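Protein chains in written order, with this note's numbering: chain A, 1 to 306; chain B, 1001 to 1306; chain C, 2001 to 2306.
There may be inaccurate statements among the hints.
Pairwise CB distance ranges, derived in the manner of DEER restraints [claimed, not checked]:
| no. | chain 1 | residue 1 | chain 2 | residue 2 | range |
| --- | --- | --- | --- | --- | --- |
| 1 | C | Glu2267 | B | Gly1062 | 45 to 51 Å |
| 2 | B | Arg1104 | A | Lys32 | 38 to 44 Å |
| 3 | B | Glu1102 | C | Asp2226 | 53 to 59 Å |
Rather than coming from a laboratory, the hints here were simulated on the basis of the structure. Treat the numbers as computed from the prediction; the structure is a model and nothing was measured. All C-beta atoms in this analysis are idealised placements derived from N, C-alpha and C, irrespective of residue type, glycine included.
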Amino acid sequence: MNHLLSMNELSIEDIQYILNKAEEFKSGKQDKIFNNKLIANLFFEPSTRTRFSFEAAEHRLGMNPLNVEVNGSSVQKGETLYDTLRTLEEIGVEAFVIRHPEDRYFDGLAEKINVPIINAGDGCGNHPTQSLLDVLTIQQEFIVLQGLTVVIVGDILHSRVARSNAEVLRKMGARVLFSGPEEWFVDEWKEDFIPMDEAVEAADALMMLRIQHERHSNSMLLTKEDYHQQYGLTIEREKRMKPHSIIMHPAPVNRGVEIADELVECERSRIFKQVQNGVFIRMAVLKWALTTNQEAVDHGLLIKKR
Amino acid sequence: MNHLLSMNELSIEDIQYILNKAEEFKSGKQDKIFNNKLIANLFFEPSTRTRFSFEAAEHRLGMNPLNVEVNGSSVQKGETLYDTLRTLEEIGVEAFVIRHPEDRYFDGLAEKINVPIINAGDGCGNHPTQSLLDVLTIQQEFIVLQGLTVVIVGDILHSRVARSNAEVLRKMGARVLFSGPEEWFVDEWKEDFIPMDEAVEAADALMMLRIQHERHSNSMLLTKEDYHQQYGLTIEREKRMKPHSIIMHPAPVNRGVEIADELVECERSRIFKQVQNGVFIRMAVLKWALTTNQEAVDHGLLIKKR
Amino acid sequence: MNHLLSMNELSIEDIQYILNKAEEFKSGKQDKIFNNKLIANLFFEPSTRTRFSFEAAEHRLGMNPLNVEVNGSSVQKGETLYDTLRTLEEIGVEAFVIRHPEDRYFDGLAEKINVPIINAGDGCGNHPTQSLLDVLTIQQEFIVLQGLTVVIVGDILHSRVARSNAEVLRKMGARVLFSGPEEWFVDEWKEDFIPMDEAVEAADALMMLRIQHERHSNSMLLTKEDYHQQYGLTIEREKRMKPHSIIMHPAPVNRGVEIADELVECERSRIFKQVQNGVFIRMAVLKWALTTNQEAVDHGLLIKKR
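Whenever a hint applies, use it, and build me the whole structure from the sequences.
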């Protein structure tokens, strides 16, 4: 079995296995392979969208989900996350999906748990199933990533998605550039930043990030309109994109901020296709995570034994 | 497919189709017809009773429900309802059950969504499955509505139920009168109001409404006891009802206010029978809403194409 | 059918039937015996751990759970518990699992409900499935309880678990002693109290209780460290336990308070085994509660007709 904690623990072979499985599930194969298995969706931070995507994947695999969202859990009673997981393991849970506000909550934990943990987002660090569905969406469009230019726009500093995406896309051969407000830059990638007006012309795939109003309410001095004009995908900028280029966003979208309202469902937008791909990626990740060692050897997969 | 948004969009044929299907389900036929279909119950206002009734209906049809109640949803992140529904559509949800505090939240929305929306209550306007189960309960009792006198008692002004009920009952041939405190009257129906002492004698079906303490806490000057004496169904008043007359209430009941505690489960009370009918109506509504155009043509149904 | 409200309504025959069934379920038999039955888990106090254990049991029996946790329920609308249960009965719910902050919430209620109520904890009084899983765990270890010494340590006064456990263990032939802070003693059992240093040497099974920080925050003058030194199972004390003795705790554990961190998963600890047994006990309780009168007669069971 395998944990899915962050993108940089995945080999290219793992990623390719998951992408292939996702395509298989999309084409309708092997649905109820995990009939009656219990799975726990532990959301220590609300995210209905991500939870529903996992739940949909679990139902399609025939699994029985147990759901908890942050309040009303025994977390309030001060139990450690380790004890919660060990308890659920004894209850018969065969996989965990966890979203947690703390960065790398799984450090020092995953190696003690004998059931796969799927990280559904931690702090501002990792959100691997989101990264995988992004890669799947790009691959469906361009078949190979080699030689593509992907521009990630927005709050690189706080984004769960930006960092792991950048890493995996580069690993798979894409050129990755960044855009957005200067104060959200990451120092190490400073030379890869370009202004938005250049970004729209350079990108094969333009990945907008969501503005986290929750995080920026005080620090952000710009109005929404100003943000949109300076860093957003305006109607005017979209016209200067290459004919084949696509628009992506992890959603939920702030309409009229990151992207003009009218463009959310325009022809180049893959925003809702990403959502659809999310379910297939999560099915594939569960398949990969619950793969036995023998199956993995048969498939020539690298196995992380924990 | 069909949305169920409000009673006045339903033709008599639609209503009759739903009532017939409900009777079929009640007699035990065709249970798991929607096996493994995903359905989302989105309650932007808590109502465990209504949610459980829908959930029970969905389980009996073999569906997999995804549940969200108001807090902890991405609604908090400021996503529009449209984006939430479109997202869930892409996730694979095949029908929506929605309760929302805003009047006619579905206006300008339903025509853009390709999956049926079942309105489970909006603002103080519509609650069509409640109206349908009320009609079913009356029909089970009297076979035809033609010529019956139904008196609706209580807060006509704020009730989700009262208005649509009155309209549909009249459409189906019943005489509808009203009773209750004068300040809760609707001007257009003023001449159809009668005092409670007359109401109990006139009614074949006496439909009590629930007092919304939430809404009236400030405006209502009467004590609960005074309300009960002046406008409630007291033990004394019940005795003056016709031998065959029935008592109805959408529940939850304020015992000793709208109706005397002792009468809630008396022989003429159909209050818990209404609850039971609710599940069959919701199964029937889902069947109707998910009916394909071809099936509908075969059944001679009017189809609303959206 | 049978309600499970408190341990002292259970005969030894009932208990033995449930323990036997639990062992059968543990060995993998008869899983989906209640396929598609609706069950409602009503938690008027949060307890994810207990809810998940019941949910896991229900899924293994093939049941469809309806879940409600305290907020967002129509309880807020002031409906009585009786009306809630009657409503759910009409909706088609075939069993209730209820946790409620009020002591003996079920008094005057259970006899009016025609569907079994499983008490999942009330006030500080009863938590029968916890008691049963404790007995099962001891029985698995020692085969018979006759002649064993069980020491219960901690807040006897406020514990859901302590009282019913003590009673049932004595009924089954064990000697039960108590330990912990003097202010948490129960007068009637005063002569059965021994200091912790004696307790560890006397016990075949040492049952630690959880410190309810919620309840004691003001009254407790000891620091956690002091509590641990005076009344807890320290590393030093564990060494003086008999070779075959076992450690039990209902969990969640306050590590380093009731019990040293290092001992939670030590060789004598049955803490996580208790959790595992919990699922089988709850399956067995549901089987027992939903047993028809005829089946019960066939099995020679005492039946409580309500």
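Is the distance from the Cβ of C/Glu2267 to the Cβ of B/Gly1062 consistent with 45 to 51 Å?
-> At 47 Å between Cβs, range holds.
Do B/Arg1104 and A/Lys32 keep their Cβ atoms within the hinted range of 38 to 44 Å?
-> holds (40 Å)
Within 53 to 59 Å or not, the Cβ separation of B/Glu1102 and C/Asp2226?
-> For C/Asp2226 against B/Glu1102, whose Cβ atoms are near 55 Å apart, the range 53 to 59 Å holds.
In this structure, none of the earlier numbered hints is contradicted; all agree with it.
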